[in-house]
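Trainee: Sequence:
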Amino acid sequence: MSNEHPELSGYQPSGNERPLRSKHLTRAMRVIVVLGLVALVVPGVLTTVQVATTTATNGCLAAVAQYYPQSVDYDARFELSGAGGFGWQCYAIDQHERETFVTALGIIPSAPRQVTPGTPA
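Position 77, counted from 1, in the sequence shown is what our numbering calls 296; the numbers after and before it change by one each time, with no gaps.
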């Protein structure tokens, strides 16, 4: 195996050549690429947050209706260190605006499941 490359035969590099693209064009291309990546990622993140919020709200509504039917309102919120740990937490709100922890919905809340009477949750 030789170190000769036939496709480069006759090529003589010179140090005086200009770069292929200017610094301004390179910077503009980098900005456009970053903006394109942001435009691809941000809508996905926002959609994921919206779906998780809606699912947590619906799951909390079902849990509060089942376990605390006398409550007047409910609250589903994401907490870093709540009563149920990291993730979505569900609280029932009574007539005196006191919050009672109902259940932890998890990091990614799912649709509420039907619990049959007598089955431990």
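Keep in mind that the hints were calculated from the coordinates and are not lab data.
Note that the structure is a prediction, hence the values are computed from the model and not measured.
Virtual Cβ for every residue (Gly too), placed ideally from N, Cα, C.
Any given hint could be a false lead.
Pairwise CB distance ranges (calculated) [claimed, not checked]:
1) 244 <-> 267: 28 to 38 Å
2) 258 <-> 229: 13 to 23 Å
3) 257 <-> 314: 44 to 54 Å
4) 265 <-> 288: 50 to 60 Å
5) 237 <-> 325: 52 to 62 Å
6) 305 <-> 273: 42 to 52 Å
7) 236 <-> 267: 30 to 40 Å
8) 296 <-> 330: 14 to 24 Å
9) 251 <-> 299: 43 to 53 Å
10) 247 <-> 304: 29 to 39 Å
11) 300 <-> 267: 38 to 48 Å
12) 318 <-> 267: 21 to 31 Å
Trainee: Within 29 to 39 Å or not, the Cβ separation of residue 247 and residue 304?
Mentor: 47 Å Cβ-Cβ, so the 29 to 39 Å window is violated.
Trainee: Could you check the hint for me, namely that residue 244 and residue 267 are 28 to 38 Å apart, CB to CB?
Mentor: holds, 35 Å
Trainee: For the pair residue 296 and residue 330, does the Cβ-Cβ distance stay inside 14 to 24 Å?
Mentor: holds, 18 Å
Trainee: Verify the CB-CB distance for residue 305 and residue 273 against the hinted window 42 to 52 Å.
Mentor: Distance hint for residue 305, residue 273 is violated at roughly 20 Å.
Trainee: Could one say that the CB atoms of residue 265 and residue 288 fall in the range 50 to 60 Å?
Mentor: violated, 34 Å
Trainee: Mind checking the hinted window 43 to 53 Å against the Cβ distance between residue 251 and residue 299?
Mentor: violated, 36 Å
Trainee: Starting from the range 21 to 31 Å, see whether the pair residue 318 and residue 267 falls in it by beta-carbon distance.
Mentor: holds, 26 Å
Trainee: Evaluate the given range 38 to 48 Å for the C-beta pair formed by residue 300 and residue 267.
Mentor: violated, 22 Å
Trainee: Using the beta carbons of residue 258 and residue 229, state whether their distance is inside 13 to 23 Å or not.
Mentor: Given range 13 to 23 Å: violated, Cβ gap about 45 Å.
Trainee: Starting from the hint 30 to 40 Å, judge whether the C-beta atoms of residue 236 and residue 267 obey it.
Mentor: This hint is violated: roughly 48 Å between Cβ atoms.
Trainee: Measuring from beta carbon to beta carbon, are residue 257 and residue 314 in 44 to 54 Å?
Mentor: holds, 46 Å
Trainee: Can you let me know if the beta-carbon spacing of residue 237 and residue 325 is within 52 to 62 Å?
Mentor: holds, 58 Å
The earlier numbered hints that this structure contradicts are 2, 4, 6, 7, 9, 10, 11.
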